[in-house]
Amino acid sequence: MSNSAPLGSITQSETQSPTFTHQPLRYRIRRSLVLLAAITAISVGFLQMRVEAAESSVVAVVNADPITRDALGNASLQRYGTDVLDNLINRHLILQECKRRGITVTAEEVRAEIIRVAKKFGLGVDAYLQLLQEERDITPDQYSNEIIWPMLALRSLVADRVEVTQEEFNRAFLSQFGEAVKCRMIMIGDQSKANQVHAQAKADPDSFVRLAKQHSEDETSASVGGLIPPIRRYMGDSRLEETAFSLADGDVSPLIQIGDQWIFMQAVRRMPATHPSPQALPAINEQIKDRIRDEKMKGAASELFAQLQKQANVVTILGDEAAQTQHPGVAAIINGQQISIATVAAECIKRHGEDVLEGEINRKLLGQALKQANKTVTQEDISAEIARAAISYGYVRSNGQADTEAWLEAVLSQGDVTRELYIEDSVWPSVALKLLVEEGITISQKDLEQGFASAFGPRAEVLAVVLSDQRTAQKVWELARDNPTDAFFGQLAEQYSIEPTSSSNFGKVPPIRQFGGQASIEKEVFAMKPGELSGIIATGDKYIILRCQGFTEPVVDDISVVQEELERDLREKKLNIAMGMKFDQLKQSAEIDNFFSVANSQARVATRPAGR
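Reminder that position 202 of the sequence shown reads as 193 in this note's numbering, one-by-one numbering, no gaps.
If you're looking for bench data, these hints aren't it; they were derived computationally from the structure. Just to be clear, a hint being listed does not mean it is correct.
Unchecked claim - Derived DSS-like pairs: lysine-lysine, alpha-carbon spacing no greater than 27 Å straight-line:
id, residue 1, residue 2
1, 425, 466
2, 362, 289
3, 366, 425
As the list claims (entries may be wrong) - For each label pair, taking beta carbons as the anchor points, the in silico distance ranges come out as:
id, residue 1, residue 2, range
4, 233, 183, 20 to 30 Å
5, 267, 303, 44 to 54 Å
6, 152, 274, 19 to 29 Å
7, 110, 190, 46 to 56 Å
8, 183, 549, 51 to 61 Å
9, 410, 74, 17 to 27 Å
10, 228, 90, 34 to 44 Å
11, 365, 410, 39 to 49 Å
12, 183, 242, 17 to 27 Å
For every residue, glycine included, the Cβ atom is placed at its ideal position computed from N, Cα and C.
Using the sequences provided together with the hints, build the complete structure.
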């Protein structure tokens, strides 16, 4: 379509053609119908191709170069295989125990539990699942299979162990509706200081509020004079509860050590128990029992799961080359039952496929661009880039050379990333982009002069008022003009500025340098003299007024002293900008069909756990 002539030229050429204009009307109609049918067939065929591609082994096509599902599976397995396998092993342990005891968790039970949880948050199921995906990056399928199903299965396995006793109910009822003590608290980490402040509070109980504000290290309660939520029985630490209930109003407690903190309290007043209405009591009783039952089930389920793990015979093969040779295609064996590598790869794709595919598409784009430019990323390039990164982050030996081993150790210690993945996902793309743009990077004399002025030249020291509307800006500017002193300008900044730094510091802001990226402000301020007032500078949706206080002395006078450092920094900055622009250009000009994202665009709730 991009090579076609404009519509007007096509119409003109056809109407002037003797062959076309002298045909009977019926032939022209027939020709139009044939053309329409052909276009429709092409469109339908293309759509069918997309559907078939989504269901086949091709997950994306980048400039006519396909990425297969197998390639995506291998890439996903390489990055997330260990974590996903651990999760699959845990689910298989639970599933095997359920089968052994004849317990089944149905899709209806899973859905009902999701509905119940969503209602607790006041949300519909769709809104709740969308929130999980946006806020916690958990897909509906993942939530159903990896969170809800195992939880329900474990609950079913321990249901016969869980019983709510009358004593447990009575304690829970008292903790919610029983008598309470309203208290203030002071928390201090140093025992010696805690003893001193405690002695002051005991000697003068009326000073407790002041002492809490001055000395308590619990900021939340300190800000309100030490006040903490009312203490009831059976809420948590029995020592705190017994201490609180032993105090008369106004009394200060002894010091109590809780972990590595020392605390003491002052009783404010005793609060009587509350009594729910007879109508509400049955529902409240049921809620309390449900809460106790849930808590006990969680504890029992955790114990059971730990027991299953301890008793299980699990052989992990994935990642062990010798074991993989002995058991080809197998990722793990759990109590004699195999989990295939294909199953793990499919689960990796399900959980992480979109992110991994995005990386594969980007690598494909870079590889194609390198091939077109007749360039190749060499091992020497890789080593040089790792050394550059090490130096930039301060990993340097005493001789000034890059300490690449220490740098790699630091990188690899931050997660499950391997040396190979670090190179493939971070180093190689950076090197590839540099190779594509580095020949176009030049440093002119103007670049050097501007860079020198920006890094080492004078800075303008100013007072600033930042405003959100022009009308207020005009008013403040007139006030500043009529009262030309730093002190008055500072008062205007405190009263009117919407920018926190200038407002809290009476207009004082960090010095402004030349060529720092704020052209309109820099142009105005470097044309001013000390004591002068700027015009109203509009930038974005803000209006800025400046008062010049003077200029600092240059840090370096001779550019030749720092020219080598300047050229290196400027080249690095220009290179980074060019790399970003090149990558954006590659993305925008590419023809990319992502069938995987199309196929996964519909949110789903799993009907059964993976592996069943």
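The hints, checked one at a time:
Proposed proximity of residue 425 and residue 466 is contradicted: the alpha carbons are some 51 Å apart, above 27 Å. Distance check on the hinted pair: residue 362 and residue 289 sit about 57 Å apart at the alpha-carbon level, beyond 27 Å; violated. Only pairs whose Cα atoms come within 27 Å are accepted, and residue 366 paired with residue 425 is accepted, the gap being roughly 11 Å. Checked against the hint of 20 to 30 Å, the C-beta distance between residue 233 and residue 183 comes to roughly 26 Å, which is consistent with it.
Distance hint check for residue 267 and residue 303: the Cβ-Cβ separation is about 47 Å, which falls inside the suggested range of 44 to 54 Å. Distance hint check for residue 152 and residue 274: the Cβ-Cβ separation is about 26 Å, which falls inside the suggested range of 19 to 29 Å. At about 52 Å, the beta-carbon gap between residue 110 and residue 190 stays in the expected band of 46 to 56 Å. At roughly 56 Å, the beta carbons of residue 183 and residue 549 sit within the given window of 51 to 61 Å.
Take residue 410 and residue 74: their Cβ atoms lie about 18 Å apart, and the range 17 to 27 Å holds. Range check, residue 228 to residue 90: about 43 Å between beta-carbon atoms, so the 34 to 44 Å window is met. Our hint of 39 to 49 Å for residue 365 and residue 410 is violated, since their Cβ atoms are close to 29 Å apart. Separated by about 24 Å at the C-beta atoms, residue 183 and residue 242 satisfy the suggested range of 17 to 27 Å.
In terms of the numbered hints stated before, the structure departs from hints 1, 2, 11, listed from lowest to highest.
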